[in-house]
Structures are given as C-alpha cells and as structure tokens.
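Chains as they are written, first to last, in my numbering: chain A, 8 to 338; chain B, 8 to 338.
Note that these hints are calculated values from the structure, not bench results. Computed from a prediction, not measured in an experiment: that's the story for all the values here. Accuracy of the hints is not assured; some may be wrong.
Identical chains share a label here; the pair holds if one copy fits it or two copies do between them.
[Said to hold, decoys possible] With a straight-line Cα cutoff of 25 Å, these simulated SDA-like cross-link-like pairs (lysine to any residue) come out:
1. K53 - A105
2. K175 - G211
3. K53 - D93
4. K186 - E333
5. K53 - E256
Number of protein chains: 2
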Amino acid sequence: MSSPTLDVITIGNAIVDVLAHVDEPFLTENAIEKGAMTLIDEARAKEIYGLMPPAVEISGGSAGNTAAGIASLGGEVGYVGKVRDDQLGEVFTHDMRAIGVAFETAPSESGPATARCFILVTPDAQRSMNTYLGACQELDTGDIDPGFIASAKVLYMEGYLYDRPTAKEAFHKAAKISKEAGNKVSLTLSDSFCVDRYRDEFLGLIKQHIDILFANEDELKSLYEMDDFNAACDLLASHCDLAAVTRSEKGSIIVNGSERLEVAAFPVDKLVDTTGAGDQYAAGFLYGYSQGLDFTTCGKLGSMAAAEVISHFGARPEVGLADLAESHNLI
Amino acid sequence: MSSPTLDVITIGNAIVDVLAHVDEPFLTENAIEKGAMTLIDEARAKEIYGLMPPAVEISGGSAGNTAAGIASLGGEVGYVGKVRDDQLGEVFTHDMRAIGVAFETAPSESGPATARCFILVTPDAQRSMNTYLGACQELDTGDIDPGFIASAKVLYMEGYLYDRPTAKEAFHKAAKISKEAGNKVSLTLSDSFCVDRYRDEFLGLIKQHIDILFANEDELKSLYEMDDFNAACDLLASHCDLAAVTRSEKGSIIVNGSERLEVAAFPVDKLVDTTGAGDQYAAGFLYGYSQGLDFTTCGKLGSMAAAEVISHFGARPEVGLADLAESHNLI
Numbered sequence: 008m009s010s011p012t013l014d015v016i017t018i019g020n021a022i023v024d025v026l027a028h029v030d031e032p033f034l035t036e037n038a039i040e041k042g043a044m045t046l047i048d049e050a051r052a053k054e055i056y057g058l059m060p061p062a063v064e065i066s067g068g069s070a071g072n073t074a075a076g077i078a079s080l081g082g083e084v085g086y087v088g089k090v091r092d093d094q095l096g097e098v099f100t101h102d103m104r105a106i107g108v109a110f111e112t113a114p115s116e117s118g119p120a121t122a123r124c125f126i127l128v129t130p131d132a133q134r135s136m137n138t139y140l141g142a143c144q145e146l147d148t149g150d151i152d153p154g155f156i157a158s159a160k161v162l163y164m165e166g167y168l169y170d171r172p173t174a175k176e177a178f179h180k181a182a183k184i185s186k187e188a189g190n191k192v193s194l195t196l197s198d199s200f201c202v203d204r205y206r207d208e209f210l211g212l213i214k215q216h217i218d219i220l221f222a223n224e225d226e227l228k229s230l231y232e233m234d235d236f237n238a239a240c241d242l243l244a245s246h247c248d249l250a251a252v253t254r255s256e257k258g259s260i261i262v263n264g265s266e267r268l269e270v271a272a273f274p275v276d277k278l279v280d281t282t283g284a285g286d287q288y289a290a291g292f293l294y295g296y297s298q299g300l301d302f303t304t305c306g307k308l309g310s311m312a313a314a315e316v317i318s319h320f321g322a323r324p325e326v327g328l329a330d331l332a333e334s335h336n337l338i
Numbered sequence: 008m009s010s011p012t013l014d015v016i017t018i019g020n021a022i023v024d025v026l027a028h029v030d031e032p033f034l035t036e037n038a039i040e041k042g043a044m045t046l047i048d049e050a051r052a053k054e055i056y057g058l059m060p061p062a063v064e065i066s067g068g069s070a071g072n073t074a075a076g077i078a079s080l081g082g083e084v085g086y087v088g089k090v091r092d093d094q095l096g097e098v099f100t101h102d103m104r105a106i107g108v109a110f111e112t113a114p115s116e117s118g119p120a121t122a123r124c125f126i127l128v129t130p131d132a133q134r135s136m137n138t139y140l141g142a143c144q145e146l147d148t149g150d151i152d153p154g155f156i157a158s159a160k161v162l163y164m165e166g167y168l169y170d171r172p173t174a175k176e177a178f179h180k181a182a183k184i185s186k187e188a189g190n191k192v193s194l195t196l197s198d199s200f201c202v203d204r205y206r207d208e209f210l211g212l213i214k215q216h217i218d219i220l221f222a223n224e225d226e227l228k229s230l231y232e233m234d235d236f237n238a239a240c241d242l243l244a245s246h247c248d249l250a251a252v253t254r255s256e257k258g259s260i261i262v263n264g265s266e267r268l269e270v271a272a273f274p275v276d277k278l279v280d281t282t283g284a285g286d287q288y289a290a291g292f293l294y295g296y297s298q299g300l301d302f303t304t305c306g307k308l309g310s311m312a313a314a315e316v317i318s319h320f321g322a323r324p325e326v327g328l329a330d331l332a333e334s335h336n337l338i
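Kindly produce the complete structure, drawing on both the sequences and the hints.
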C-alpha cells in the first residue's frame, strides 16, 4: 500500500451557484422554504430563475466549496463530481483547477445540463437554496477511480449525494476503497431536511463506516430526533470516533469520545451571506486534521474559514486562507 | 410621430464578465495591458482563462451596464445587443430583463458563443479587460427595429461598436432613426485605445450626429491628440452640444457650450474595483437628462452611481440606485 499523496478528496454535487439578494416577501410569495436546500426539477428551475432579480454566477456545491477551501489553505486536495460539457461545466471545472484542486471526473456528453443552485439571500444574511441537480444525476460508480480515492488521507462526502441512488453507490464504493487503503472516511450531514429523508441510512453508515462526522446543531438533533443537544452529542460519541458540530455564532463542539472541546466562533465585522459557512468549517477542520494538528486548532481553522466566507457574497473564500491562518498563528 | 415611451435605449456589445483578483506580476507575466480593453480571439480567450484564478461571472458590457444602472434608478430603458442561444446568453438575457430592461434582440442560433470579458482586478482596484466578442460579431442592421429605437428620448451607443463593421452600420442606422424621430443621440468614446483606432471617424460622427458625448480625460486627450485638458474641452464644445467628461477622483466636467460645470466625485469608503465606473456615470447622467433635471444634478447622479459601483466587485449596481439617489436628495 503506497502512502497517501493527497490530504483530502471530497465528493459531491458539482453545482454552479446563481446568487441574488431578495427580500423576505419574495420567499413567501414564491413558496421558497427559508434556510433549506430544496431539490427542484427543470420546470421549477426555469420558473424560479424567471422570477429572480439579476444574479451572479459562482462555482459552488458543498463538497466543491470544501475542496476549494482546503486548497486555499495550502492543502493537496482532489474532487469528484459531475458536470456536463457545457459553458457552466467549463466554469465549474476552471474554478476548481485554477485553485489547484485535482478534478478529473469526465463531464457527461449528453443528458441534463450542469447543475445550478438558485441561492436567495435575504437581508438577515440567511440563504435559501433551490437546486436543479442536472448532470449531477449522472455520477455513478464508474466515476470512482480506486487509485485516486486511495491516494488521500481523508475522504469527505456530502450527505446530499444520498438524493441520487447511483451517487449513493458511488459514495459507498469510495468509502470502501478509502477504508481498505487504511485512510479516514468523513461525512457531512449537509442539511436537516436531508437527514430527515435518510435518517436510518445515515445512522447505519455513521455507526459502521464514518470516522469523522460534520453536522450542525439542527442536523444532529434531526438525526437523533431529540432536542437535547448534549444528549445528542453523547449518542454521537458512542457512534463515531470524531465529530465536529457547528452552532453558528455559538462556535462549534468537537466530540472526541468522552471529550468535548468547545471552539468559539470567529468575530465577523459584517454578516453578509451565510452560504458556505458549514462547507468552509469542514475545509478548515479537515486541513488541520490532515496536517496532524490538534483538534482545537482544527476547529479554530474551521471557524476562521467560516468567518471569512460569511463576510461576503458567495460560498468560496475570497482571500487566501493560508495567509489568513498564518496571521492568526494557526499554522 | 408618437411621443417617446422609453427614456433611453442603449446599444452595445452584450458580454458576460468573468472577474478575478490578480496581482501586478500576473499582468506583466501574461502580457496583459493594464487598464485597457483588449480584443482577443478564441485561442487567446482559452489561454487567458486557463491562466486565471477562480472567477465570478456577472453580466456586463458597457452599454448593458449603463442600461442596468438606468433601470436601477427607475428609468424606462431598452437595450440592443447580441448573445448566442447558450447558457451565458441566457444569463445575460435574464439579468437584463430581471431588472426591467426591455431587451428583445434575437440571439444568434449558430456561430460564436456569447461574448466574455476576462476582467483582471489588481490590488489598486484597476481593471484590465480582455474581450472575446463572440456572438457580438453577429449584430447588424437587421437587429435595429426602427419603431423600438424611435421610442426612446435618448439613444446611447458604445464606441466599442466601431470594432465591428456590421455593428457600426447598425449604430449608424439607429442614430439616423433616432435623429429623424426628433430624439437625442449620445455616444461614449469607451476607451482611449478605441479612440486611437477610430479617431477620424469619431470626430466626423461627433461633429455631425452626436448630441451628448461621454468621455474620460484620457479619451478626450486622445481624441484631440493634445495634453491640454481645458483646450480639449473648448474644442469639444465647438463640436457637440453637450458633453460630460469624467476625471476619476477629480469628478467630472460638464461642457455645455461656453459653460463648464464642475461636479465633484462622490466619496467612496473603500475602492474595490473600478470596472463600470464610466458606464454608471453615464447611467446617472442620462437618467437625470431624460427626466429633464439640470445638468449639475445629472452629473451628481452620475457621480453617485459611479461611486456605488466602484465600492464592490462587478460593474452593475448592487443596491437600488433610486433609493440611493433619494437618500442624497438628488431625485
């Protein structure tokens, strides 16, 4: 078994974000669930886009954002996700490679267009997401290259992948390869509605295969269907080795067996757009983990990366995170 | 002759901007002319994009930005420009219509893709632009609907259109229609290199057909090939009825016959990206002009709109300019 050459590989839905500012009535008038990630079909995608104000296009996708964050921190990172060979697919591919992410998943040459996520940001900086999965639906086990997957210390996957059966199979194949190579497997629960859709499967997966779990407070409570946060953390500790649970302005809790490490949130001058906060927390944590840093520092790197991304529009870092981490004496 | 129903119609190259932050050496190492708009072919477009860091896509195009600014101020505005029926063409079309711009130019169904402008923003907030004209090359006289053009009080055109002979013909056709309908014709010189390419033609055009000219200091000096700004303004006054000359942080000068009105620049907290400053100045000025406001107020509206756009990334307003103008007691 050769030693890993990449720090992290992330797998997820390859999506271009279409971001716009809207007011609260826009959400209610157009039946858009606030704060959630809702899957939509092509007809609804056309409808929502037709209603939306002028927008900005930025490459996104939860695990894609995490990969970009790890690269920005100076990590060696790869990505697996499916675009089509269209203009938005080119945009997504460019943005991954330009930041140094190894991204070689073959784009689909027919079928649905590259995925878009219509992200509506309200004045309170909350984001409401409507995702047309498009070409992401084509991701399958054929896209999982065993040599590539085995080359990373940590494999990181989105819970969102569970929305497509073929992507779920790809997810399981990758997890198996990573385990067999002696590497770590991590998962983000992605969204409390996503947890609701696949609760039993997620629980089984966490107990058996997941070394590091990422969740926010809502997702964790949804997973165990309980309101008691501390009790949920205790249950989680009995089910997986290591977990990082984010709690917005309350920071995060790292659950490591019986140990509970509290990490404060980083101060943010102006909260602009919460899109990507969880993705960047995972980026900071995983980068630190892959470098063998202590868990508190991993959590601080996560908080720092999350704070950077919520201070501007869009879900990927606008400044080099490595320099930022250095200025905070974190690396 | 029916009375105009639109305030302004703008005609220009319909372009999606691809914006990224770069450092100074990036420009020199890749032979990119700082501060200029350089036309590039498809091969160079691929090369530059391949070299660029992760980017953001935002609808742009000089006259398109001006139309968006006028709409944001509450003006009734139309736009003529050519995209292809591809994803970036959809993005451009959506962003125009979503802000209320009447945009009905038929997209081309074959030939080159929708135009892209690679905009590289250096730490000093200067932008260096490389434009692949793509589908813009297909704009011709057939795209000029006489009834539509005649419906606007003011016609506004980019000097950039002169880079394509068929677009130039379309430009002349539109100017003639507007004149015959008793409306005003305005022009922006666009870029000092553009002036250099078409100096004699621009001079002829200004003397004969242009009622309102927009230029910056460099463009004006290039037009008359003289360094004396005041002397250039005097010459300009002898050649066209009304002109607004922008001078970056020194504000603008409105040249109205023998009258010279100085308008101060608006204060900007943080200069982020100068892309679109001239376009938004024209938007503010033309909106005020179309509402019959005095020239100083027109200039102030221009300064205000320019200040908004240079305080953030991207060439179109991020906030409603009508509210902003009201808060400054300008409308």
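### Query
Can you tell me if K53 and A105 fall within 25 Å by alpha carbon in one copy, between copies, both or neither?
between (30 Å within a copy, 13 Å between copies)
### Query
When no copy is named, should K53 and D93 be tagged within, between, both, or neither for a Cα gap of at most 25 Å?
Both ways: K53 and D93 sit 17 Å apart in one copy and 15 Å across, limit 25 Å.
### Query
What label fits K186 with E333 when the C-alpha limit is 25 Å: within, between, both, or neither?
Answer is neither: 32 Å inside a copy and 62 Å across each miss the 25 Å cutoff.
### Status of E256 relative to K53 across identical chains (alpha carbons, at most 25 Å)
neither (35 Å within a copy, 43 Å between copies)
### Query
Taking 25 Å as the upper bound on the Cα-Cα distance, should K175 and G211 be classified as within, between, both, or neither?
within (14 Å within a copy, 67 Å between copies)
Hints 4, 5, counting from the list given before, are not met by this structure.
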